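Here the protein sequences come in this chain order: Y and A.
First residue of the first sequence: 1, per this note's numbering; consecutive thereafter.
First residue of the second sequence: 1, per this note's numbering; consecutive thereafter.
Among these hints, one or two may not hold up.
For chains that are exact copies, the list does not tell them apart, and a pair is met inside one copy or across any two.
[To be verified] As a list, the in silico EDC-like pairs of lysine to aspartate or glutamate whose alpha-carbon atoms are at most 20 Å apart:
hint : residue 1 : residue 2
1    : Lys-243   : Asp-105
2    : Lys-91    : Asp-105
3    : Lys-167   : Asp-191
4    : Lys-130   : Asp-198
5    : Lys-45    : Asp-295
6    : Lys-257   : Glu-285
7    : Lys-150   : Glu-300
Source of the hints: derived by calculation from the structure; they are not laboratory data.
Here the structure is a predicted model, which is why all the values come from computation and not from measurement.
Protein chains: 2
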Amino acid sequence: MKLQILGCYAATPRTLTNPTSQLLEIQNHVFLIDCGEGTQVQLRKQKIKFSRINHIFISHLHGDHFFGLPGLISTFRLLGREKELHVYGPKGIQEAITLLLKLGDSWTNYPLVFHELTSTKPQIILEDEKVIVLTIPLRHRVYTNGFLFKEKPAQRKLNVAAVAKYKIDKAFFQNIKNGKNITLEDGRVIDNQLLSFDPAQPKTYAYCSDTAFEPAIVAQIKNVDVLYHESTFLDIDSELSVKTQHATAKEAAAIAKAATVGMLILGHYSTRYKSIESFREEALEVFDKVVLADDGKIFEF
Amino acid sequence: MKLQILGCYAATPRTLTNPTSQLLEIQNHVFLIDCGEGTQVQLRKQKIKFSRINHIFISHLHGDHFFGLPGLISTFRLLGREKELHVYGPKGIQEAITLLLKLGDSWTNYPLVFHELTSTKPQIILEDEKVIVLTIPLRHRVYTNGFLFKEKPAQRKLNVAAVAKYKIDKAFFQNIKNGKNITLEDGRVIDNQLLSFDPAQPKTYAYCSDTAFEPAIVAQIKNVDVLYHESTFLDIDSELSVKTQHATAKEAAAIAKAATVGMLILGHYSTRYKSIESFREEALEVFDKVVLADDGKIFEF
Chain Y
1 MKLQILGCYA ATPRTLTNPT SQLLEIQNHV FLIDCGEGTQ VQLRKQKIKF SRINHIFISH
61 LHGDHFFGLP GLISTFRLLG REKELHVYGP KGIQEAITLL LKLGDSWTNY PLVFHELTST
121 KPQIILEDEK VIVLTIPLRH RVYTNGFLFK EKPAQRKLNV AAVAKYKIDK AFFQNIKNGK
181 NITLEDGRVI DNQLLSFDPA QPKTYAYCSD TAFEPAIVAQ IKNVDVLYHE STFLDIDSEL
241 SVKTQHATAK EAAAIAKAAT VGMLILGHYS TRYKSIESFR EEALEVFDKV VLADDGKIFE
301 F
Chain A
1 MKLQILGCYA ATPRTLTNPT SQLLEIQNHV FLIDCGEGTQ VQLRKQKIKF SRINHIFISH
61 LHGDHFFGLP GLISTFRLLG REKELHVYGP KGIQEAITLL LKLGDSWTNY PLVFHELTST
121 KPQIILEDEK VIVLTIPLRH RVYTNGFLFK EKPAQRKLNV AAVAKYKIDK AFFQNIKNGK
181 NITLEDGRVI DNQLLSFDPA QPKTYAYCSD TAFEPAIVAQ IKNVDVLYHE STFLDIDSEL
241 SVKTQHATAK EAAAIAKAAT VGMLILGHYS TRYKSIESFR EEALEVFDKV VLADDGKIFE
301 F
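Bound conformation, chain Y alone:
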């Protein structure tokens, strides 16, 4: 998996910082997660091929997470897109985008498919042979979901030397990859472990923004490889974080610790602080595997 941060600052776009948007490459997919104003310019800066994006996930309908979506949808049209584009987001997103396109008499000439979300329980919103995407219900001022991206377990890898040794016909290879034992012509049963290697561990990524401190999510994100958890404020401003239903770096770390995640990425920083390094320092007091998101940064895992 490859995670590219396009923007990770709270509130309004500034000259040098961008509102929330991320690009997740997972298996055969390139997923766009949230789409603040200016996301299409960030995509160009990062030299992302627009045509690779077929699925956009919107956490909630605050401007800093979706005001870049109408422009991106229009740009896809100008670029001559023909492929379906799937947009997942809270109920209302279809009405908003449809109205904006209607006012400009600028309908897309590609199929635009909305998947509107209303459930307050985790649900599967996308699944194919290789990946599965679930919502993570969050607690914020408006209806908000995080997203849990999971690779499915890959097939076992064929042990080429072993199958040669036992003279196994290739007609059985798929069974071996599927984990089956093999019965030879002489009746011997060869254990699958002797004929194949373990596949790479499937990876998981949990995106949680925006949200107040919400221990209820821990069960769902338990042991994920990477957790992006918003940390709009530092603990010193916890009153503000309660009032606005955001989290502090300390709270993000507490969630990461309880969920025993592999790595915590902090982001959605309020621009009131001089340096984002303070967020890392605060989180490190609670949990030891903390990194900072920043616009343009790439994480591979």
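Dock chain A against chain Y, hints included.
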């Protein structure tokens, strides 16, 4: 007057070019004209005080002219704005903005006043003691207005030496500034021309974007000091300009010439051309006072 180009390129925002937006300083006002995606970032780059903007004029509801408006309106709220904000634009703009704010449950805490336009004839949309703003009906794929910004004639300037010579009491000064003749106590009538100087000539600015070649606008913009007229294409692509209801540089110059304007500013360039200099060269063949808009450029007149 001072005109600051925030963005002047057609279609989608790119890494280095911005969709349409301009800032016009005229008398006591700072007017924002159109508001493509990313305009608020451009305003910050140009170090414009957001609080100085009280009136926003939207020509039409294509994304590259107004997808920056929802974000700007939200930012005004975050900045604690209390003053009224007036938005002038085609019917539908209020529904769109209202829906977006409603979905995010993020109403403004300042009065947001919409002035929705539907007339296909020029109309006065703003007038105070010093300026008057009229619509210029344009021809485009959707309902579109340009805007004509006119300074009102200033008061005449008091000739301090002359009023001293005639010993005129200052109670009469306002009458002199208003152009009145003065009757002295001895019955003599002193002509106003002897007591005052001509004021500076009031300036006019016409903004025409987006529009097909539309000679019907010439009468209304006759003799304006500065005309901004879109030139999306060069003459070689006139078929495209007809199809998309845009204008070529040659056509913009023909309008400028027919209206005998003081200066023509070209803009809204398609990004298909390598250099915008070609637009100037083409227009100069028809009209001799041509300058090119470019992002960040400032014109004072």
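Evaluated hints:
no.: 1; hint: Lys-243 x Asp-105; result: between (40 Å within a copy, 15 Å between copies)
no.: 2; hint: Lys-91 x Asp-105; result: between (23 Å within a copy, 13 Å between copies)
no.: 3; hint: Lys-167 x Asp-191; result: within (15 Å within a copy, 119 Å between copies)
no.: 4; hint: Lys-130 x Asp-198; result: within (16 Å within a copy, 79 Å between copies)
no.: 5; hint: Lys-45 x Asp-295; result: both (11 Å within a copy, 18 Å between copies)
no.: 6; hint: Lys-257 x Glu-285; result: within (11 Å within a copy, 71 Å between copies)
no.: 7; hint: Lys-150 x Glu-300; result: within (15 Å within a copy, 57 Å between copies)
Checked against the numbered hints listed earlier, the structure breaks none of them; every hint is satisfied.
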